[in-house]
Amino acid sequence: MTEPTLPSRPEAQQRVDDIHTFRNELARLADEGVLRLDATQQAAVGKHHERLLAEFAALFDVDRDSRAKQLSLGMRVASFLGALALAASVFFLFYQFWGHFGETAQVAILIASPLAAFALTMFIQGRDATGYFTKLAALVAFACFVLNIAMLGQIFNITPSDRALLPWAAMAFLLAYTCDLRLLLAAGICCVIAWVQARVGTWNGIYWLHAGERPENFFPVAALLFVFPLLVGHRRFPGFAPLYRIFGLLCLFIPMLILSHWGRASHLDLDADQVEGGYQVAGFVAAALAIWLGARRGWPETVNIGIVFFVIFLYTKFYQWWWEIMPKYLFFLVVGLTAVLILLILRRLRRTFRPPTGEGAP
Amino acid sequence: MNNLTRSHTLAIGIALIALTNAVALGGVWWNRSATPESALTLSERELGLPWRSLRFAEESGLSLNLNWRVGDREAGEFVSGYTFSGGTPEWLDAAHMVALGFAPGDLDSDRGRRSYTRQLPREAILVIELGGPTWQRALARARENAGRHAAAAAANAGSKQFADRARQARDELAREEGSNSRLFVIDAGLDARQLREKYPDRHRFLLLRGTVRPAVRDRGGTAPQATGYVSRIGSGRIHVPYAQRGLLESARGVGEPGGRDRFTVELLVGQRLEPWIADARPGSGAADAPPANHSGEFR
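Sequence lines, in order, name chains A and B.
Residue 920 in our numbering sits at position 14 of the first sequence; the count goes up by one each step and never skips.
Residue 96 in our numbering sits at position 103 of the second sequence; the count goes up by one each step and never skips.
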């Protein structure tokens, strides 16, 4: 039998939540006379759970009850805002004083600041069970590194290049996976999105800063991001796989939405109306597929994004077709009835994918 | 995460930061290591100080704007410009655009014209000439305009409209003679070596990276012609090293908008076509400026 591996913080928090759910349901079952554990079993389960809770609290400072959970949410918000503010502070601090130093000192400061911030992040991470202070330090380290490369470019008049996005992405991913930070993961994914779409554009000869003017350049990175969590397991990072899928779907649907209204931006050298019509159909199909796939695989974020974009595609079409010609009461009635229809379809879909009785939800 | 893993992460992070900086600084060293690709002495006309009101108040650094222009007959007689950052030069024709990688289009049909203009910008190497024939033509044109409008005003004495035009043309001539940039983009290509062979004078022709976007020149009465809109890559700003800051910093905000000859700057461009300022000295127009102190700074 192998030694159980130490869970990550989100896994520990999930276990704590499961323990509370179990206790509540056990109490209800006892009240309803369905199941009552004998004293020995109760003591054994209670002792085991208390040991686990104490262990997780010591290791990860998890939320042991709902009140602690509410406070944690506030701390997460404060930590996020503080991290952004500290990163901005570093940026403005350098801008305020960098002109007073010679180039050698400037370069030394620029290199030393991400090194120091990164080392500080690692130091804090070893001592910060909550992860909030680690997040602050990690974002500052990332901001210092971005500033480092951007300012070197400015000081030495280096030609702007999309290649700078790669080390930034690498740093963001390193911090995200080391410190279990979704904010940094989002930053890394944004760098990857910018780099891949720029590369796709330059393969067609486009100057990289203009590659975004062809929204189709985002489709390859959309596929890459959506498939990545299927290829690489993220069991120890529970929030990471949904984040990849969210960004992947946004890279698919936002360009589709743009192209469905502005066909001239397409790579396809066709009549703009044809391109727009094609992408409107493609948008509906892709949104429906996302809803179906999300429901089938149990990916709530995929379902939600699919629904949001299906509704956006539908309502923008309604607006184009009927806003001018319909009385407003009739237009909004149609919109409302459509919402009811969508609800009915989703309810049916939910029944279709409901697990068989006795299997239980994952 | 145990200590060993954290140590590994720390090592990877430090290596990433060090390697990235080494690549960036290595590129800078390589750019500046050989004989400069171009070496021009420019005045405040070509390298303008940023307007005080347009600067980010808390930024302590200083960059100069590289002001360059294109020879464009369609610009109009009163629009030769103090600082330009793009335009459709007269020499940029269909053959040039094809050489830059753009697909030619049938400009006589709407579809062909649309296909041509919807192509996105491509990178090109721009040849920028200092005080050459293109600038001489712009100067001659400004003189001719001033003379023509002065004669018209004299022939229509008492007409405010003619007097205003004459004054406008005179002001334009004064700007062309004294403050407008003399840098003109005169050619573009993809191969820096070939362009340098064609324009061998490194003290007169500057090679810099830019972008070109397809455009159509449509003059009434003639068939539409393929051309391109030229713009510089990046912000077009050149950082002033700390050693040269004193002279330029003191001139900043004095007598805006500037564009005179209060200082001259030696601008070098390296192997990667990335420029840097090697030296800055008080210029011939420094006498017009407030007095300078012993280090050449304007007080």
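By construction, these hints were calculated from the structure, which means they are not laboratory data.
Hints are not guaranteed to be accurate.
[To be verified] Quick list of simulated restraints, FRET-style, between CB atoms:
#: 1; chain 1: A; residue 1: TRP1109; chain 2: B; residue 2: ASP101; range: 28 to 36 Å
#: 2; chain 1: B; residue 1: ALA15; chain 2: A; residue 2: ALA1025; range: 14 to 22 Å
#: 3; chain 1: A; residue 1: THR1036; chain 2: B; residue 2: ALA4; range: 19 to 27 Å
Cβ atoms here follow ideal geometry from the backbone N, Cα and C, with glycine treated the same way.
Hint check results:
no.	hint	in the structure
1	A/TRP1109 to B/ASP101: 28 to 36 Å	holds, 31 Å
2	B/ALA15 to A/ALA1025: 14 to 22 Å	holds, 19 Å
3	A/THR1036 to B/ALA4: 19 to 27 Å	holds, 26 Å
Of the numbered hints given earlier, the model fails none.
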